[in-house]
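Number of protein chains: 2
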Amino acid sequence: MSSTDNPSPHEASILHSWEQNADAWAHTVRDGHIESRRLVTDRAIIEAVLDGHPGSVMDLGCGEGWLVRALADHGIKALGVDAIPELIARASEAGGEFHVTSYDDIITGRWQRRVDTVVCNFALLGKDSVDKLVAALPSLLARGGRLIVQTVHPLVASREQVYEDGWRQESWSGFGRAFPAPAPWYFRTLASWIALFANSGWHVREMREPLHPATGQPASVIFVLQRR
Amino acid sequence: MSSTDNPSPHEASILHSWEQNADAWAHTVRDGHIESRRLVTDRAIIEAVLDGHPGSVMDLGCGEGWLVRALADHGIKALGVDAIPELIARASEAGGEFHVTSYDDIITGRWQRRVDTVVCNFALLGKDSVDKLVAALPSLLARGGRLIVQTVHPLVASREQVYEDGWRQESWSGFGRAFPAPAPWYFRTLASWIALFANSGWHVREMREPLHPATGQPASVIFVLQRR
Numbered sequence: 001m002s003s004t005d006n007p008s009p010h011e012a013s014i015l016h017s018w019e020q021n022a023d024a025w026a027h028t029v030r031d032g033h034i035e036s037r038r039l040v041t042d043r044a045i046i047e048a049v050l051d052g053h054p055g056s057v058m059d060l061g062c063g064e065g066w067l068v069r070a071l072a073d074h075g076i077k078a079l080g081v082d083a084i085p086e087l088i089a090r091a092s093e094a095g096g097e098f099h100v101t102s103y104d105d106i107i108t109g110r111w112q113r114r115v116d117t118v119v120c121n122f123a124l125l126g127k128d129s130v131d132k133l134v135a136a137l138p139s140l141l142a143r144g145g146r147l148i149v150q151t152v153h154p155l156v157a158s159r160e161q162v163y164e165d166g167w168r169q170e171s172w173s174g175f176g177r178a179f180p181a182p183a184p185w186y187f188r189t190l191a192s193w194i195a196l197f198a199n200s201g202w203h204v205r206e207m208r209e210p211l212h213p214a215t216g217q218p219a220s221v222i223f224v225l226q227r228r
Numbered sequence: 001m002s003s004t005d006n007p008s009p010h011e012a013s014i015l016h017s018w019e020q021n022a023d024a025w026a027h028t029v030r031d032g033h034i035e036s037r038r039l040v041t042d043r044a045i046i047e048a049v050l051d052g053h054p055g056s057v058m059d060l061g062c063g064e065g066w067l068v069r070a071l072a073d074h075g076i077k078a079l080g081v082d083a084i085p086e087l088i089a090r091a092s093e094a095g096g097e098f099h100v101t102s103y104d105d106i107i108t109g110r111w112q113r114r115v116d117t118v119v120c121n122f123a124l125l126g127k128d129s130v131d132k133l134v135a136a137l138p139s140l141l142a143r144g145g146r147l148i149v150q151t152v153h154p155l156v157a158s159r160e161q162v163y164e165d166g167w168r169q170e171s172w173s174g175f176g177r178a179f180p181a182p183a184p185w186y187f188r189t190l191a192s193w194i195a196l197f198a199n200s201g202w203h204v205r206e207m208r209e210p211l212h213p214a215t216g217q218p219a220s221v222i223f224v225l226q227r228r
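Residue numbers (my numbering), protein chains in the order written: chain A, 1 to 228; chain B, 1 to 228.
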């Protein structure tokens, strides 16, 4: 059996962790408790989407749905999907189009809505699951359609550790709130992100590195990919 | 007059600096005095070139010519060009095909030899001059031909400074030898490098981040570009 057929136990625990953390997460986002989001990365992802002038956007891994509503405020027709029903319930309460949809729904073709742009805002957390998702996403887009991914900047997230791919654990320290469960996520180097995109039907059109005003260092990295 | 018509005085002083530093540089490279080159980046650029199985290679900004000879040892037909006559004289003494050729020779079309792969190993030092060169290089390559650029890793070179494009000065401290002249070079963020390539006729096919064994951090970044 290949490693793809036998995924890491971390993959399953990502979803389990977010089911437990849904309530704390929704409060944290809505109360603006994550400084880097409030100061830098929220605006950066909105600008990256708007710069492509999309007619329709899907926010994949939308969580409690803030980005769908922010894009609607800019006149963009957006919908949000997330695998965690509790988060979609929160998102729907606040208004907008939201669906409980898993990576597997997209990978297997059960989800078929086409859009101009897919955005993944700090939402690509797994290894094999993300590899398969990124390879499946071109089918949701017309030729020339865009995938926009914002994630932690690998070099900035790796200053105290060896810079190499591997599973890490989000302990939620510094989030100003108790989270019930630690959350595993798969660290990728910049080279690994580029390889994933270039080998999955995407052209790397642009990279953005929005700076945190306090540190002068990137608060995140945004990849703008175009379907080949 | 646009900034392109009125280049920074740093551009001219790059060449002037390397004319003065040619002798010290040739000794430094040949004596293996730059640890990161000896341990990591020399091998990394050779592997990046070999992985493309090119029939012909041009080493642009070849300096004293070590890479042309290393590629020849692997059976690759390579030639080297550099704007500094003193460096080309050193290179030619040691064997191989070398020419005194400036960026302008390539930008204006005076240089017309076609190759499968162009490699720039720590050789893209300017701002406007490099912008124009990178946009002119597709004309030297057949469709699908590759440009391979190794440079300092921007995040690693920027830990103590704000992460933004700008002129910097190489003071040669830590090179184990006295260099006659400081050398200006233009720092680019990763985002700026990707923008330059994507807007100049190149697909970003791959990025490599060879690790320094002592630090576990990237010793350089290598971009592998393909002509659109």
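These are computed hints drawn from the structure, not numbers from a lab. None of the values given here were measured: they were computed from a predicted structure. Backbone N, C-alpha and C define an ideal beta-carbon position, used for all residues, glycine too. Treat the hints with care, since some could be wrong.
Claimed, not checked - Residues from chain B that face chain A, not an exhaustive set, calculated with beta carbons under 7 Å:
| no. | residue |
| --- | --- |
| 1 | Glu-86 |
| 2 | Ser-173 |
| 3 | Met-207 |
| 4 | His-212 |
What the hints assert, rightly or not - Covered by chain B, according to a simulated footprint, are these stretches of chain A (three or more residues, beta-carbon under 8 Å):
| no. | region |
| --- | --- |
| 5 | 162-170 |
| 6 | 192-199 |
| 7 | 205-219 |
If you take the shortest Cβ to Cβ gap from His-212/B to chain A, is it below 7 Å?
violated, 10 Å
Using C-beta distances, would you say chain B covers the region 205-219 of chain A, given that this needs three or more residues below 8 Å?
Since 9 is at least three, the answer is holds.
Under 8 Å between beta-carbons, do enough residues of the region 162-170 of chain A, three at least, approach chain B for the coverage claim to hold?
Holds, because 3 residues of the region 162-170 of chain A bring their Cβ atoms closer than 8 Å to Cβ atoms of chain B.
Quick check: do three or more residues in the region 192-199 of chain A have a beta carbon closer than 8 Å to a beta carbon of chain B?
As far as the region 192-199 of chain A goes, the hint holds, because 3 residues have Cβ atoms under 8 Å from chain B.
Against chain A, run the beta carbon of Met-207/B and see if the smallest gap drops under 7 Å.
holds, 4 Å
Quick check on Glu-86/B please, does its C-beta sit within 7 Å of some C-beta on chain A?
violated, 36 Å
Would the hint on Ser-173/B stand, with a C-beta cut-off of 7 Å toward chain A?
violated, 23 Å
Checked against the numbered hints above, the structure breaks hints 1, 2, 4 and satisfies the rest.
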